[in-house]
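Undergrad: Go ahead and model the full structure; you've got the sequences and the hints to work with.
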Amino acid sequence: MILRVVNFVVIGVLVLAAAYVYRIKFDSTVQAERLTKIRSELRHERDTIASLRAEWGELDSPARIEMLTKRYLPLKPIAPTQFDTFNQLPDRPPQLVKPGSSDPIGSIIENLEEPAAPTGSIADSAEPVAAPSPPPAEEAGVAETERPAVKSGRLDR
Amino acid sequence: MRSLLYGGDIDRAAKARARVGLAIVVFAAVYFVIAVRLVTFAMVSDGRTAHRVVGGDAIATARPDILDRNGEVLATDVRVPSLYAEPRRLIDVDEAVELLTADLPDIDATELRDRLSSKRGFVWLKRDVTPEQQREIYHQGLPGIGFLPENKRDYPNGAEVSHLIGHVNIDNQGIAGMEKWLDGHGLAALHMAGLATDRLQNPVQLAVDLRVQHALRDELVAARAKFKALAAAGIVLDVRTGEVVAMVSEPDYDPNNPREALDPTRINRLTTGVYEMGSTFKAFTVAMALDSGRFTLKSSFDAHGPMHVGRFQIHDFEPENRMLTIPEIFTYSSNIGAARTALAIGVDAHKAFLKKLGQLDRLRTELPESAEPIIPKHWGDLNTITIAFGHGLSVAPLQALMGVAALVNGGLLIPPTFLKRTQEEARALAKRVIKPETSEMMRYLMRLNVEKGTARKADIPGYYIGGKTGTADKVINGHYSKASVLTDFMAVLPADQPRYLLLIMLDDPKVLPETHGFKTSGWNAVPVGGAVVARIAPLLGIQPRMDLPDADHLILASLKESR
Numbered sequence: 001m002i003l004r005v006v007n008f009v010v011i012g013v014l015v016l017a018a019a020y021v022y023r024i025k026f027d028s029t030v031q032a033e034r035l036t037k038i039r040s041e042l043r044h045e046r047d048t049i050a051s052l053r054a055e056w057g058e059l060d061s062p063a064r065i066e067m068l069t070k071r072y073l074p075l076k077p078i079a080p081t082q083f084d085t086f087n088q089l090p091d092r093p094p095q096l097v098k099p100g101s102s103d104p105i106g107s108i109i110e111n112l113e114e115p116a117a118p119t120g121s122i123a124d125s126a127e128p129v130a131a132p133s134p135p136p137a138e139e140a141g142v143a144e145t146e147r148p149a150v151k152s153g154r155l156d157r
Numbered sequence: 158m159r160s161l162l163y164g165g166d167i168d169r170a171a172k173a174r175a176r177v178g179l180a181i182v183v184f185a186a187v188y189f190v191i192a193v194r195l196v197t198f199a200m201v202s203d204g205r206t207a208h209r210v211v212g213g214d215a216i217a218t219a220r221p222d223i224l225d226r227n228g229e230v231l232a233t234d235v236r237v238p239s240l241y242a243e244p245r246r247l248i249d250v251d252e253a254v255e256l257l258t259a260d261l262p263d264i265d266a267t268e269l270r271d272r273l274s275s276k277r278g279f280v281w282l283k284r285d286v287t288p289e290q291q292r293e294i295y296h297q298g299l300p301g302i303g304f305l306p307e308n309k310r311d312y313p314n315g316a317e318v319s320h321l322i323g324h325v326n327i328d329n330q331g332i333a334g335m336e337k338w339l340d341g342h343g344l345a346a347l348h349m350a351g352l353a354t355d356r357l358q359n360p361v362q363l364a365v366d367l368r369v370q371h372a373l374r375d376e377l378v379a380a381r382a383k384f385k386a387l388a389a390a391g392i393v394l395d396v397r398t399g400e401v402v403a404m405v406s407e408p409d410y411d412p413n414n415p416r417e418a419l420d421p422t423r424i425n426r427l428t429t430g431v432y433e434m435g436s437t438f439k440a441f442t443v444a445m446a447l448d449s450g451r452f453t454l455k456s457s458f459d460a461h462g463p464m465h466v467g468r469f470q471i472h473d474f475e476p477e478n479r480m481l482t483i484p485e486i487f488t489y490s491s492n493i494g495a496a497r498t499a500l501a502i503g504v505d506a507h508k509a510f511l512k513k514l515g516q517l518d519r520l521r522t523e524l525p526e527s528a529e530p531i532i533p534k535h536w537g538d539l540n541t542i543t544i545a546f547g548h549g550l551s552v553a554p555l556q557a558l559m560g561v562a563a564l565v566n567g568g569l570l571i572p573p574t575f576l577k578r579t580q581e582e583a584r585a586l587a588k589r590v591i592k593p594e595t596s597e598m599m600r601y602l603m604r605l606n607v608e609k610g611t612a613r614k615a616d617i618p619g620y621y622i623g624g625k626t627g628t629a630d631k632v633i634n635g636h637y638s639k640a641s642v643l644t645d646f647m648a649v650l651p652a653d654q655p656r657y658l659l660l661i662m663l664d665d666p667k668v669l670p671e672t673h674g675f676k677t678s679g680w681n682a683v684p685v686g687g688a689v690v691a692r693i694a695p696l697l698g699i700q701p702r703m704d705l706p707d708a709d710h711l712i713l714a715s716l717k718e719s720r
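Chains as they are written, first to last, in the numbering used here: chain A, 1 to 157; chain B, 158 to 720.
Warning: the hint list may mix true and false statements.
[Said to hold, decoys possible] Below, a list of computed lysine to aspartate or glutamate pairs in the DMTMM-like style, where the Cα atoms sit at most 25 Å apart: (1) Lys-614(B) to Asp-84(A); (2) Lys-70(A) to Asp-411(B); (3) Lys-70(A) to Glu-229(B); (4) Lys-283(B) to Glu-293(B); (5) Lys-383(B) to Glu-671(B); (6) Lys-592(B) to Glu-671(B); (7) Lys-667(B) to Glu-597(B); (8) Lys-76(A) to Asp-616(B); (9) Lys-283(B) to Glu-55(A); (10) Lys-577(B) to Glu-229(B); (11) Lys-588(B) to Glu-477(B); (12) Lys-76(A) to Glu-529(B); (13) Lys-385(B) to Asp-630(B); (14) Lys-70(A) to Asp-709(B); (15) Lys-283(B) to Glu-255(B); (16) Lys-383(B) to Asp-47(A); (17) Lys-76(A) to Asp-709(B); (18) Lys-508(B) to Glu-477(B); (19) Lys-534(B) to Asp-630(B); (20) Lys-577(B) to Glu-58(A); (21) Lys-631(B) to Glu-671(B); (22) Lys-385(B) to Glu-66(A); (23) Lys-639(B) to Glu-477(B); (24) Lys-455(B) to Glu-597(B); (25) Lys-577(B) to Asp-60(A); (26) Lys-609(B) to Glu-597(B); (27) Lys-534(B) to Asp-518(B); (28) Lys-508(B) to Asp-616(B); (29) Lys-283(B) to Glu-66(A).
Note that these hints are calculated values from the structure, not bench results.
TA: In structure tokens, the structure reads:
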């Protein structure tokens, strides 16, 4: 009786083992196929990278860039006189906006109204911002178009 | 045994046990065989398929990429399909020829028919088919026609770096320039072993800077057109490491189309050609005199002309007819002065000095192309006199540049290289040839020559260029020709702390209205050199310095302090 039970158990274990081995075998086939596929993809990617690099080299070649620059840009070679050293730089201009200020544009306008104006170059670049403050009556239209621009500038911050 | 299994007189139970036992043994043996076969299949078959993948991967072998010193690609491999046929498997040759010629207009129909009719197993039909053509042919579904991916060398910069990197043949083997050097250094052995098929080889980095190379080539192309010269060539050499940062020999060729390289006018004049360098050789003569310790910058020589040597007469281009000091000989470029200087040192010492500076031996670099200098067979007084001002000894321009680099860099002769090299590596290879003080004096003389002498047109403000000009009459049919000359200019940049040496060489420049009838170096090679320096100095990281004192105060003064 016991022998018969053992027999059935052994048969059951055998069937399970066979199923398990089959699964491992199947899985390994799947993995091997995946590996082959990835390898070929890898090779394909490497080939693509190589041809893209070659293409980039062609697009990036100095001869081509120079030709495009000459055709489309007003750039010119740098003359030796256009280089300068750091100790020749002028001092940093006084800060227009205080670092922690909650209303940066407001504080720029405040600073501008003070008679002690900063350096000329800063005043020039600040002019478009200062322009709308005294708008003449006939140019109200212009002032109106400029005001939203200032507002959007504030939103961007 | 037999009686145990079949005998009638044996006990039934014992017989049954024996039969079962036999069955067990037989089954165990069968399963053992199966198990062994399974294991061997699992091990052997795996290796065999992997090998097959590698074998069919590529026919033309892979080569490492070549990069410039900043990592820009100079040469790389791209995978292109190539068309092949297996004639034995073809069913209808006429149909195949008809369909293939329709898709490949540039293929020769009769040759194609010959190839397809042959009884060989495998023939190439066309290398490098475009993807569109591949698709068309694929959709025709011809039996026995197929594609194999092959590596093809691609040079994205075209003619820019042609002579430097060389090119490959259709089987991707290097046949010129650095490509050939690569093959000579292990790559060929890898190919033989069939191992050089993957892309994972380390790229090779050269010393050349693509931007500098382009600027130099651009200026040389313009100069060659302007002066209607036969050829224009230039090198930028790092005097501290011997690295060749740029090298152009115009006319050059496109390595993507190697057939152009066969044209003999397109040779690399800088390493393959030898030339009489003209007055630039006076730098060697003067350096020799100063280094001997017998002469100083104050020494003077008789420069009354013409000088008679045997049946020859030596003339100066602009005769001064007086005693000239060494700086005057250098800046007026006096042939007579240089000749007397060399004679004062002596023939043997002159020869030994040039030998020490590597001017008499063949210069070998990584490039396979090199040329032997042409040295007079019997070196007498007359030879020393002419060689003192750069005639009668032909050297490769790169070789002369190496010598001049040693004159200005503090006296170290460093063999030039096309591969990246650090200063430490260069110092290990370097050989001291002249004293550091002599080198300082040479820099002073070269700067003086730009301030007051023949190279005034190269005085680009801010870069403190020093230089020596040279104009050599070309030898045509065995005689020196007055009509055609070779002009060169060597510029050291900057003259007080030399970093780079530039050579500009023009072969047979013509007279232009703006050169006032002159075709000496100062009117053509020197302004080109100045223009090149102004373009490349910012790329090489040399900062312009304005308001520097003249050579007398900056270089000569520091020389006196150090004494």
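Undergrad: Each hint needs a verdict: does it hold in this structure or not?
TA: Going down the list of hints, with the structure as the test:
1. The straight-line distance between the Cα atoms of Lys-614(B) and Asp-84(A) is roughly 24 Å, inside the 25 Å bound, and the hint therefore holds.
2. For the suggested pair Lys-70(A) and Asp-411(B), the alpha carbons sit about 23 Å apart, so the restraint of at most 25 Å is met.
3. Of the supplied pair hints, the one linking Lys-70(A) and Glu-229(B) holds, its CA atoms being roughly 22 Å apart against a limit of 25 Å.
4. Between Lys-283(B) and Glu-293(B) the CA atoms are separated by roughly 14 Å; this keeps the pair inside 25 Å, and the hint holds.
5. Of the supplied pair hints, the one linking Lys-383(B) and Glu-671(B) holds, its CA atoms being roughly 11 Å apart against a limit of 25 Å.
6. Restraint check: the Cα-Cα separation between Lys-592(B) and Glu-671(B) comes to about 42 Å, which exceeds 25 Å; the hinted pair is violated.
7. Proposed proximity of Lys-667(B) and Glu-597(B) is contradicted: the alpha carbons are some 35 Å apart, above 25 Å.
8. Between Lys-76(A) and Asp-616(B) the alpha-carbon distance is near 21 Å, which keeps this suggested pair within the 25 Å criterion.
9. For the proposed pair Lys-283(B) and Glu-55(A), the alpha carbon gap of about 23 Å is at most 25 Å, so the pair holds.
10. Distance hint between Lys-577(B) and Glu-229(B) is fulfilled; the C-alpha atoms sit about 14 Å from each other, no more than 25 Å.
11. Restraint check for Lys-588(B) and Glu-477(B): the C-alpha separation of about 38 Å exceeds 25 Å, so the hint is violated.
12. Simply put, Lys-76(A) and Glu-529(B) have alpha-carbon atoms about 43 Å apart, too far for the 25 Å limit, and the pair is violated.
13. For the given pair, Lys-385(B) sits about 17 Å from Asp-630(B) by alpha-carbon distance, which is consistent with the 25 Å threshold.
14. For the hint pairing Lys-70(A) with Asp-709(B), the CA-to-CA distance comes to about 41 Å; that exceeds 25 Å, so the pair is violated.
15. Pair hint Lys-283(B) plus Glu-255(B) holds up; C-alpha atoms about 15 Å apart against a cutoff of 25 Å.
16. A distance of roughly 44 Å separates the Cα atoms of Lys-383(B) and Asp-47(A); the hinted pair therefore is violated under the 25 Å criterion.
17. The suggested pairing of Lys-76(A) with Asp-709(B) is violated, with an alpha-carbon distance near 35 Å, which exceeds 25 Å.
18. A distance of roughly 28 Å separates the Cα atoms of Lys-508(B) and Glu-477(B); the hinted pair therefore is violated under the 25 Å criterion.
19. A distance of roughly 21 Å separates the Cα atoms of Lys-534(B) and Asp-630(B); the hinted pair therefore holds under the 25 Å criterion.
20. Between Lys-577(B) and Glu-58(A) the alpha-carbon distance is near 23 Å, which keeps this suggested pair within the 25 Å criterion.
21. About 23 Å separates the Cα atoms of Lys-631(B) and Glu-671(B), which keeps this hinted pair within 25 Å; it holds.
22. As the CA atoms of Lys-385(B) and Glu-66(A) are separated by approximately 24 Å, the hinted pair is consistent with the 25 Å bound.
23. For the suggested pair Lys-639(B) and Glu-477(B), the alpha carbons sit about 21 Å apart, so the restraint of at most 25 Å is met.
24. As the CA atoms of Lys-455(B) and Glu-597(B) are separated by approximately 15 Å, the hinted pair is consistent with the 25 Å bound.
25. This hinted pair checks out: Lys-577(B) and Asp-60(A) have alpha carbons roughly 22 Å apart, not beyond 25 Å.
26. Under the criterion of a C-alpha separation no larger than 25 Å, the hint pairing Lys-609(B) with Glu-597(B) is consistent with the structure, at around 18 Å.
27. Between Lys-534(B) and Asp-518(B), the direct Cα distance comes to roughly 14 Å. Compliance with the 25 Å bound is thereby established for this hinted pair.
28. Between Lys-508(B) and Asp-616(B), the direct Cα distance comes to roughly 33 Å. Violation of the 25 Å bound is thereby established for this hinted pair.
29. Between the alpha carbons of Lys-283(B) and Glu-66(A) the distance comes to roughly 36 Å, so the proposed pair goes past 25 Å and is violated.
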